[in-house]
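A.B. asks: Residue numbers (our numbering), protein chains in the order written: chain A, 1 to 794; chain B, 795 to 1057.
Hints listed in this document are in silico derivations from the structure and should not be mistaken for laboratory results. Treat each hint with caution, since some may be false.
Unchecked claim - With a Cα cut of at most 30 Å, we get these calculated DSS-like pairs of lysine-lysine:
#, chain 1, residue 1, chain 2, residue 2
1, A, K95, A, K85
2, B, K1050, A, K620
3, B, K803, A, K485
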Amino acid sequence: MPKFASQVDILGAGDRELVEMSEKNLLSLTLEEMKAIRSYFTELGRNPTDCEIETIAQTWSEHCFHKIFRTEIEYTENLNGKKKKERLSLLREIKKATLKIDSGLCVSVFKDNAGIIKFNDRYGIAFKVETHNHPSALEPYGGAGTGIGGVIRDILGAGKAAMPVLNIDVFCFGDQGVSYSELPEGVLHPRRIFRGVVSGVRDYGNRMGIPTGAGAIVFDRGYQNNCLVFCGTVGVIPLTQVEKRVSDDDHIVLIGGRTGRDGIHGATFSSASLNANISRSVVQIGNPIVEKKMMDVLLTARDEGLYNSITDCGAGGLSSAVGEMGKDMGAVVNLERVPLKCNDLLPWEIWISESQERMVLSVPERNLKKLLELSADEDVEAEVIGRFTKTGRLQLYYRDESVCNIGMDFLHNGLPLKKMKAYFSFQDKPMKEKVSSLKAGELRERLLRVLGSPNVASKELVVRQYDHEVQAHTVLKPFTGIEGKGPSDAVVLKPFYDDWQGIAVGCGINPFYGKPDPYLMAGCCIEEALRNLVAVGADPEQVAILDNFSWGDMHEDGHLGTLVRCVKGCRDFALKYQLPFISGKDSLNNVFTDAKTGVKTSIPDTLLISAVGIVPDVRKTISSDLKKEGNALYLCGITRREMGGSQYHQVFGITGGSVPVPVPSKALPLMKKIYLCIREGIIKSCHDCSDGGFAVAILEMSIGGGKGVDIFLDKMVSSDVSPESMLFSESQGRFIVEVDAGAADRFEKIMKGTDFANIGRITGRESITFYERGLLFSLDIVEAERVWRSGLKW
Amino acid sequence: MEVRFEMVKPRILVMRVAGTNCDRETEWAFRLAGGLPQRVHINRIKRGEVKMRDYQVLVIPGGFSYGDDISAGKVFANEIRHNIGNDINLFIEEGKPVIGICNGFQVLVKAGILPYPGRQSVTLGWNGSARFEDRWVHLKIEESVSPFFRGFPPVIKLPVAHAEGNLITENEDVLKKIENDRLVIFRYCAPDGTLKGYPYNPNGSTANIAGLASASGLVVGMMPHPERALFRCFYPDWHRDEKNGDVFGYGYMFFKNVVNFFR
């Protein structure tokens, strides 16, 4: 008779009992999945233990297995009334782009804890972006902190461990001014979530000694009940350390923090709808110093070659980490050896707890003593908890009692993937839009309103709370210019002390474009991420990207359709811009159920594209702040009336209009030429036009450099002549560049064949003046700065 | 015949504990300046595997030692006092420099080493803004007793990144004595060198004090991070320079002065 594990009566259970069993125990398994488990154990002729069923639930969770991304989907697309059917798998479509591009940049893609690209002949760059949405909505400080802690471990678990050199953070929050009476029960106020999330990321990231250098914050009512928290880490790794392989007979060593009851069912709960009754114990409790100590030891152990393989304990805890590492061989674990925070944990709780700051190493006998000594030397706990085997089975014991004995093959391949159907319908013509003809004074007022709106306003208040220069390698900081007021398009690092080669990192996110057609949102996000890197001087031909999908309720038809449509956009635009995807992650079912009304709300479907690129020489990067009086200003790219989803529309509550359509055939050649001009040193500052359009971009450049400008709107290459469009349209493929007064001819010669126009110059005055066949209006830099820098409240 | 004097490279002990996180760049700074730095975990000193007497300079770099639990640097300060206090006192008595940067400054102050040895007379409290901030500040270089800040222009820029850098003295007399003894290395100021409030004084420090020395001038502590300003390319406004970013910044000059002390 078992003493520590209890049996789950699955053999005698009917279909309804199976569903109840899954719901009651937070397993998040479907009936088909429960049935597959029943038939497996029927063959074995016994019931599963609690530990076995939990192990399967973790491994098969949406969070760990990405069922929707892996399964076959029958997809019907109805474009302008024309129906087209196809079968596809989302993951395969994304990988397809990377395979076709066949970039020499890729070293390890879609197989490890992070994607790895080549930095130079000796080093690679590992990059991963994760989401921690559900935990952050429940417990913002802890949820966000462990989000960054988790993705740092992904980088430590990439190859045989990369050294983290940069963190990035992207958040989506609800309307900060919402009244408490509008909030459903169980939803924290968006201001509390905002402050908690920023503080959590700040305190974890800063203590880890990793600079936080890039990111974005999006505010929209749609994120009120489910906030989004994306955390990313970039690391550097010797190319010789990329390959890892567990040897059977290796010791399984658990290193880092102790295991407690925090974070139990984190993996399975993240696939469920949020509501007022979820226990906070699903959220993990972080301790950055434990992770920092562990990191110090791991990097030394890696260099001394003490272990064969490594992975992090994230979602699903030991169950996922050991299960994954021992997938092709087998493993025996003695759960009583796991160091605990409190002694009353049941075996299954130990096994699936998602306590933070833990990693699993595969250590050969000959190195074991040394590894344990090294850890003890720096007060880091490391314990041998088992051994990899050749049996093909996952065998768990607790004080000699067998609490789990299942086949690795069933665990990893036994999941019945449910085929799904998706549908997407779209009318490819612009929706009606109210066009106003505004007087100059009204345009001026509107510009100030947009400038001070939370999505456009300066995020300096948040960014200054992050240490963005620890490790002393940040050469383009998030804020730049005379007094560090101007925003940078991307961050640039120089990861090695004795080398001028650099890494640029930036991102693209714009859920507002996704509503009419997520295909175009994918294109815009990919292009924006690339534009951000090109604007600082990265080589557009040496850039790789990551996808993060945070989507709504997958149990509803609509969201699966928009997801497929968006993935197709990712595939097509990645190919067009020649940007390989190297890693990605999906967080589905970001949905909230109101306990009182039963009404479910989903988030706006949100895609984040993060980009990492190579800068051959950081001394040839540029910043966005205007430099010198007399220099010429050019706007490169075409301006169209593309106001759909624009910040202008958001601020004034205007609906309809065309969302921006990216045109890679024009944008990519333009970007390559801008890169050349930056290398030649004739571009003195550069800023891409994105949220808020041209007007916001030029104002930001002006504020950063403390320099006034004269802008002649009528000179723009534009297909629409209304000043409203020219100021606020968010057409893609556009850069404002400042060209050295003496190099205008040279610049125009290089740029020949692209769309560009000299639209003004830097003046000695302290005002930003717009002309349109005569004076339109003028703003003082001081006034613009005050509005822009005070739009976001802490 | 020409007589050539080989410069003796000073051996520099970069002491780290759990949560130290500016040790690598501090090590690099000293190497670049011509020293022989070595990062050493305090446990190895406590166990006697590494002897402090084998080094000429001790540095406590920035970070969040033990998470800055209780208050910044406090746990590390107590560990020093109770475990290696004698070693450090001897080190200082022998006239060897001790440098604390950011968290290191907090540790030296809370261990009662700076500014006056024996007991704590100054603290570094929470920033006036009540949050961690990373920003570049202007610093007015004072004519202090410390030899490590000679030859600087009147105002330089360095970054600060901390939550607890608000310098408060025990009482008025301590402040007066610090001023009279010329222990203030530099003060936060506006670009023109005048002393102003936030954000020029990023944390609300008394008399805008950003760094202190001991009476001998050889034990120094500062909130700003010179190791993050070794080259111009690490300054937030370097893209406005005519030259490339590869010219030395004033952070380098500090490390050079420490190494040159042994010439």
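A.B. asks: Take a quick look at whether K803 of chain B and K485 of chain A sit within 30 Å of each other, Cα to Cα.
C.D. replies: violated, 41 Å
A.B. asks: Tell me if the straight-line CA distance from K95 of chain A to K85 of chain A falls inside 30 Å.
C.D. replies: Holds, at roughly 21 Å.
A.B. asks: K1050 of chain B and K620 of chain A: Cα distance at most 30 Å?
C.D. replies: holds, 27 Å
Hint 3 from the earlier list is the only one contradicted by this structure; the remaining hints agree with it.
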